[in-house]
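> Residue numbers (the working numbering), protein chains in the order written: chain U, 27 to 414; chain F, 27 to 414.
Don't read these hints as lab results, they were simulated from the structure.
Check before you lean on any hint, since a few could be wrong.
Which copy? The list can't say, so a pair holds if one copy fits it or any two copies do.
Stated by the list, open to error - Pairs of lysine-lysine, PhoX-like flavour, derived with a Cα cap of 25 Å:
| no. | residue 1 | residue 2 |
| --- | --- | --- |
| 1 | 263 | 67 |
| 2 | 213 | 58 |
| 3 | 364 | 42 |
| 4 | 71 | 150 |
| 5 | 42 | 151 |
| 6 | 46 | 198 |
| 7 | 71 | 378 |
| 8 | 156 | 198 |
| 9 | 96 | 71 |
| 10 | 84 | 367 |
| 11 | 411 | 71 |
| 12 | 151 | 84 |
| 13 | 198 | 150 |
| 14 | 364 | 378 |
| 15 | 367 | 58 |
| 16 | 53 | 156 |
| 17 | 53 | 84 |
Just so you know, these numbers come straight off a predicted model, no measurement behind them.
There are 2 protein chains.
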Amino acid sequence: MQNFIWHNPTEIIFGKDTVKDLSPRLKADNIKGVLLVYGGKGTFKSGAYAQVTEMLNKAGIHYSEVNDVKSNPRIDKVREGIARIKAGGIDAIIPIGGGSAFDTSKAIAAGACYSGDVWDFFEKKAAIEKAFPIYGVVTVSASSSEVNGIAVVSNPEKESKVSMNSPLVYPKVSVIDPSFQITLPEKQTVYGGVDIIAHMLERVLDGDEGSELIDEQAYTLIRTMMRVIPELIENPKDYDLRAEYALAGVMAHNGFLSVGRRTRGDFSSHRMGHSLSLLFGVPHGASLSVVMPAWARYLYEENPVPFARLGEGVFDIFDGTDEEKAIDAIEALESFFKDIKSPTTLRELGIKEDDIEKIAANASKGQTFGVLADLEPEDVLEIYKLAY
Amino acid sequence: MQNFIWHNPTEIIFGKDTVKDLSPRLKADNIKGVLLVYGGKGTFKSGAYAQVTEMLNKAGIHYSEVNDVKSNPRIDKVREGIARIKAGGIDAIIPIGGGSAFDTSKAIAAGACYSGDVWDFFEKKAAIEKAFPIYGVVTVSASSSEVNGIAVVSNPEKESKVSMNSPLVYPKVSVIDPSFQITLPEKQTVYGGVDIIAHMLERVLDGDEGSELIDEQAYTLIRTMMRVIPELIENPKDYDLRAEYALAGVMAHNGFLSVGRRTRGDFSSHRMGHSLSLLFGVPHGASLSVVMPAWARYLYEENPVPFARLGEGVFDIFDGTDEEKAIDAIEALESFFKDIKSPTTLRELGIKEDDIEKIAANASKGQTFGVLADLEPEDVLEIYKLAY
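Excised from the complex, chain U in its bound form (with noise of 0.2 Å):
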């Protein structure tokens, strides 16, 4: 096992009815003037945006907003939240919504502490110092972005899909609210369960010993999500269901499942499913059940032993080399996928293959990318290819 820091701050209040618990929060903290960061429709659907403005006038905190934040956050909305912050009477920020609310928050918090293009903190050219405090609220869980300190946004300008990572942007406090939920459409719910399971896989495939307990917790996570989707498609409005998926949803990126890992996991699906989103619109989870069987495919036969430990773990395969344990493990991985309705191939998208090489090009940027395995930008290729 790898020497780790485990320090998640992040408070979490989970359950229902439990948005009227941030008020004490941020009357302790003395907060007098916040932002909501949130996108449209489902903020108001689930009920979320009436519940935290109940809340913000009985405590007499006054609100301003950034909303229209759509999946795929975008740098604009960033920048419009920080020139929002910089004119004044804002002392913190409520993301309401999922991982684009989230992340957008995380980017405005940083930015707005910050002189330079808050662009600098993607492309690495400057550090996060300082950052507005988040205290935010949940209504689709995906992404994780509620429990740590991770923000992707895309700029379409530069044809970039990237993250930036601070401990300092974690959210002070997140309320997780399942009943939200109850609202969202299915395919949102394949999706964002698609993108929770991707955080697991893309850590117990990293190739790393890491830790055989970790390991174990994240099949059994697996396990416990491939019951949960199935039996939300069929009753999406059964509150314990929802509170699964939700609680899933932390655990999947909270840190915890890299604990005692070389690296923070193998995030090579996910930069490849970028590129799909940025170039195509495709949402996120369905570019992930796309990306992670080619991937998959294309790196089992050198790599045969995450595979096959997966397939032991979340699959019962039992029978068989560790090569045929891995081939076994990754068709059921797409069948499940499949099950749920989520995309497997780029034709489902309705991407063309002479498209492929563009999409290649924009995930590799010409560099060497993975952990289990290196990517160049020609196996890139290759992966795309097979996942046509």
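Got chain U; can you put chain F on it based on the hints?
For chain F alone, coordinates are given in the frame of chain U:
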């Protein structure tokens, strides 16, 4: 799933040669003088004492000591530490050890900020309002005291071994270097392991539906411990096994397994075990392997479900009615304790049948307790008789 708040502020620094990483943290927090709290031999033999004092000397931080803290730590050592701090010059406490050193430190940390007698916190006559910061170094994983706000202390005058609990006494930092545990005697590895398993069992056996996800995680953690303890008996110097054990210790009692449950768990077995430790000096883990199976046998017929689920989740017992699965699970647990040579009867502890009434009276103190089922004083007596 029940609503919950999950907030664990402790920073865990885990791995080889990590004591030195305390130095920059102590400096950043402007700590000039510390109180070391530890037991004896083991602290020196593990190498932890030498590393901590070397780190402090290099950092120019002076230290004072409370040593000879025994297992089942006593209130007199707490009072000694409080007197030291009240004499001045100390900004923080560094426990070096396991639950005893950490629990003593927590009580000192709170008691030194209080004008009355520290035992008031244990008798719930006063609330903890302030505490000195704790930067701990773990040499024995068992209690999980390094990642929670609980302290269990004995008061022989009052024939009482009870706990206090406050978010203010969570260690600010806990250094867990599993190498320190390589020198632990086998008995301590076994008893510590039983304590860790008990903390997990006390969650899943509380009779609350809670969260299936958490139950699944707990079952998997119990399996991990049941794999690791026998392997450690064979290979006590294996670093990775010590690390898995220490990490399981973190997960057992850092709040995670209580998430979504009605209560924080049913700690009846702990309460009944404490009386054995207090009155007969029984090692904490040994008291638990005696009491838990008896407690389970006494209750399972009226409450078969949690035991049956445990049988499925941990012991692959899938045949029969819930009642049949339950008794099979209890027998499997008991035979695991026997396999690792942890006692399962009062007789093995050298306790006489005549002492049972006194022990039961000490545990009950005339009160009813328990979560899975209410235990009246006569129930407690029957459980001890079953354990005989």
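> So, for every hint listed, does it hold in this structure?
Going through the hints against the structure:
no., hint, in the structure
1, 263 with 67, "within (18 Å within a copy, 58 Å between copies)"
2, 213 with 58, "neither (38 Å within a copy, 57 Å between copies)"
3, 364 with 42, "neither (32 Å within a copy, 44 Å between copies)"
4, 71 with 150, "neither (37 Å within a copy, 45 Å between copies)"
5, 42 with 151, "neither (42 Å within a copy, 33 Å between copies)"
6, 46 with 198, "within (16 Å within a copy, 28 Å between copies)"
7, 71 with 378, "neither (35 Å within a copy, 67 Å between copies)"
8, 156 with 198, "both (14 Å within a copy, 21 Å between copies)"
9, 96 with 71, "within (16 Å within a copy, 59 Å between copies)"
10, 84 with 367, "neither (43 Å within a copy, 60 Å between copies)"
11, 411 with 71, "neither (40 Å within a copy, 59 Å between copies)"
12, 151 with 84, "neither (42 Å within a copy, 35 Å between copies)"
13, 198 with 150, "within (24 Å within a copy, 30 Å between copies)"
14, 364 with 378, "within (21 Å within a copy, 64 Å between copies)"
15, 367 with 58, "neither (45 Å within a copy, 61 Å between copies)"
16, 53 with 156, "both (21 Å within a copy, 20 Å between copies)"
17, 53 with 84, "within (11 Å within a copy, 42 Å between copies)"
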